[in-house]
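S.K.: We have chain A already, so just place chain B on it with the hints.
Here the protein sequences line up with chains A and B, keeping their order.
Going by my numbering, 12 is the number at position 12 of the first sequence; the sequence numbering is gapless.
Going by my numbering, 1 is the number at position 1 of the second sequence; the sequence numbering is gapless.
Don't read these hints as lab results, they were simulated from the structure.
Since this is a predicted model, take the numbers as computed values, not measurements.
Every clue listed holds true.
Sample of chain B residues with no beta-carbon within 10 angstroms of chain A, all distances over it, derived:
| no. | residue |
| --- | --- |
| 1 | 23 |
| 2 | 27 |
| 3 | 31 |
| 4 | 34 |
| 5 | 50 |
| 6 | 56 |
| 7 | 128 |
| 8 | 129 |
| 9 | 174 |
Have a look at the derived ranges for each label pair, beta carbon to beta carbon:
| no. | chain 1 | residue 1 | chain 2 | residue 2 | range |
| --- | --- | --- | --- | --- | --- |
| 10 | A | 114 | B | 138 | 25 to 35 angstroms |
| 11 | B | 133 | A | 132 | 46 to 56 angstroms |
| 12 | A | 77 | B | 133 | 21 to 31 angstroms |
| 13 | B | 29 | A | 76 | 29 to 39 angstroms |
| 14 | A | 75 | B | 117 | 14 to 24 angstroms |
| 15 | B | 143 | A | 160 | 53 to 63 angstroms |
| 16 | A | 126 | B | 117 | 25 to 35 angstroms |
| 17 | A | 124 | B | 130 | 37 to 47 angstroms |
| 18 | B | 54 | A | 108 | 29 to 39 angstroms |
| 19 | B | 143 | A | 131 | 48 to 58 angstroms |
| 20 | B | 52 | A | 14 | 45 to 55 angstroms |
| 21 | B | 98 | A | 94 | 18 to 28 angstroms |
| 22 | A | 160 | B | 182 | 54 to 64 angstroms |
| 23 | B | 181 | A | 126 | 51 to 61 angstroms |
Here are some chain A residues the structure puts well away from chain B; computed CB gaps all over 10 angstroms:
| no. | residue |
| --- | --- |
| 24 | 14 |
| 25 | 17 |
| 26 | 21 |
| 27 | 22 |
| 28 | 42 |
| 29 | 47 |
| 30 | 59 |
| 31 | 67 |
| 32 | 69 |
| 33 | 112 |
| 34 | 130 |
| 35 | 158 |
Where is the CB? At the ideal position from N, CA and C, for every residue including glycine.
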Amino acid sequence: MTIWAFAAVAASAQPPTELDKCLSRSGDDPTCTDIGGPITFTECNQRFENFFGRIAWYPLQCIGPITISIETYAHWETRFPLYVEVVPLRDPTEVCENSPGFVVLVARGSGDPCGTSETAGPMDITSVAPIGTSYAIRVFFLGHPTGDSTAMDCIRVTAQPVASPIDQHTWASVKTIYR
Amino acid sequence: MRSVGLKLVVVVTIVTARLCAAQLPTELEDCAGPSADFCSDSTAVLMEDDCGETFYRHRGEIAWAALKNVGPVTISVKTLDRRFYMTFPLYVMVRGRTNPTDGTDCRTGMGGHVALVALGGQQCGGAWESVGPIDLARYGVPPGANYSLQCVFFETLPGTIFPGLEPSTVGFSCIRVTSHPLQTGDASWAHVKTLFR
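The shape of chain A in the complex, shown without the other chains:
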């Protein structure tokens, strides 16, 4: 009974393996942010946000290859792309400060007022975040007196679990394999 309870608690404490966040949705705020920037409302009734610096969501647990999609919008003042990075989670307090990351997607956006979905993956991130370890998804915005980065709203991360090396077999199947 005690072991079952521990197992249940441990399972519930596991970080999520996927992400589905929209800056326009209440409660989906990034885990850390630099300074907020301009907000754009488009004629498609969509809201896109800019920042000066980094925003990130974490922790996520690596269970296999990931696909990242980001909904972006660019307009006449857009000067720079958005850099989406995977950051191995060593010190969570530094994710928006000085933890170096690895670029997985450079999003340039388009002028479509309903947003553009830009996707990368499936990609193997285990060289920087081995299976079972935690990582952050970070978006790097760049700003300039006369222009900003591409703006964004939603970001999604989907994971494809790697098959466990310990496969499940029935006793009959094992007997068949080793006959």
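M.R.: Chain B alone, transformed into the frame defined by chain A:
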């Protein structure tokens, strides 16, 4: 006696603060390598150039201690792009350090405004790229205020096909900031009276 001691501490603090503020440099000249004067998020990776010049790759940011804004500045960086595939530019950012808690020490991860996007010289020995003279007030640094410079580097996930040749920001060698102080002319009282007659 205690009051005198307290006053002494206050005076010493003010004098020290003024001396520190007065000693902030207004210009910068620094090159990557063993005697580099910047702080960084990651260790540098040496890139050899055929012409004997050395350039370094980084991940994250490198930054310098604060400078004082005494007038428009010209910012120049020497970079090298020797890759056959996609590379990222080097973003040079200006960050005002106008709040008392900002300090003047060397610190990365402070954010800021892009002042220069260096694409990297492809010729032997790299190339200098410059911007300026620029008015730092447009970057949130009023005259007399402190600011610092940061360079932002990007790099993709380590590749399995060509390890060590991941697309990354162009190689960095040197940075130079030259200041063009605003002139305040000396005038005699007679001259001032002439001007405002």
